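Participant: Chains as they are written, first to last, in the working numbering: chain A, 1 to 140; chain B, 141 to 348.
One should not assume that every hint holds.
In silico lysine to any residue, SDA-like type, Cα no more than 20 Å apart, as pairs [as the list claims (entries may be wrong)]:
#	chain 1	residue 1	chain 2	residue 2
1	A	K124	A	Y43
2	A	K124	A	R67
3	A	K124	B	Q167
4	A	K124	B	V295
5	A	K124	A	Y111
6	A	K124	B	P276
7	A	K54	A	R67
8	A	K124	A	T96
9	A	K124	B	G207
10	A	K124	B	I144
Quick caveat, the hints were computed from the structure, so don't treat them as lab data. Keep in mind the model is a prediction, meaning the values are calculated, not measured.
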Amino acid sequence: MSAEGHHPAPVSPVEQRVAALEALLTERRLVPEGFIEEITRRYESEIGPMNGAKVVARAWVDPEYRRRLLAHGTAAIAELGFGGPEGEHMVVVENTPAIHNVIVCTLCSCYPWPVLGLPPAWYKDPRTGPGWSASPNVAG
Amino acid sequence: MDGIHDLGGRQGFGAVGHSPAEPVFHQRWEAVARALLEIVAGAVEASGGEFRHAIERMEPGHYLTSGYYERWLTAAATLAVEHGLVTRSELEARAGGRFPLSGPVLAAPVVDAGIGVGTPRFAVGDRVRVREWHPPGHTRCPGYVRGRAGTVVRVDGLYSVPDIEAHGTARRHEPTYSVRFDAAELWRDGQRGVWVHVDLWDCYLERS
């Protein structure tokens, strides 16, 4: 390498594996043009916890909506235009002074994408499922 | 399968970290890996059960030391190889090194899904016990509830049994239930006043 040559960031093994699979699938014409960029943009800017916040805020000010939300979560959430993958069968629970709900997937990382977006790192952490299923009051 | 993914109740993992200002994707390759899984799953018509099982079959050490999107990548590549879209040697040649894939499916393919259960066998308030069994394939029944007794608190609709859909094109639909377990029933020193609700398919349960 020349003295004045730039030093590009090293490509990690996992990045090389992603690039390999992407290249092979692209050669087989399985990657629609713009698909990766579009789906990434949607999850970065349109689908996220701001959607769930709208649902909760509506329930705060509209008792009839709150009742529908707790009784038929999927339909009530769809009223605000939210739905899609991982949101097909939604159940809504409510915290009270006596009951605190913690949602955890102990087998993978199931998460309600339409209202909360893609799961954050702590939810996907292998430490989350083990502790919360056994000791939800102390874990985390 | 009683794989490395079924971690409920395991100890010694330490505290869970939390960063409020976390980006959706930390690096671009994560977004690409996520999109590639959608592409592969669509191309090979993989069910949710087949996709999850592809992750569960990862080598345990690799599973625990890889992040969420590396698991998606591994599942995508595994399904792509198993369904003949690409070969392992092509992947390794392009990646310029080893490309770890998930281990083989241990369960036999499901040809006959059996007859679906159209009417719930259990009602809200019924006491049920989770069957004690150790299927070699995919299941959505966590190990820590097997053999344990709980109470049905909600009856949901009919859903495709993951244990079947993960292993072929056959499908069977059954009611699912939210079953409430006392933490003390699941963990000998379970916390008082803690209930664990688990969504379980009809075939996982027997009357208690």
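Participant: With reference to the structure, classify each hint as holding or not holding.
Facilitator: Here's how the hints hold up against the structure:
| no. | hint | result |
| --- | --- | --- |
| 1 | A:K124 x A:Y43 | 17 Å, holds |
| 2 | A:K124 x A:R67 | 31 Å, violated |
| 3 | A:K124 x B:Q167 | 16 Å, holds |
| 4 | A:K124 x B:V295 | 28 Å, violated |
| 5 | A:K124 x A:Y111 | 9 Å, holds |
| 6 | A:K124 x B:P276 | 24 Å, violated |
| 7 | A:K54 x A:R67 | 16 Å, holds |
| 8 | A:K124 x A:T96 | 26 Å, violated |
| 9 | A:K124 x B:G207 | 8 Å, holds |
| 10 | A:K124 x B:I144 | 14 Å, holds |
The structure fails to meet hints 2, 4, 6 and 8 from the earlier list, while all remaining hints are met.
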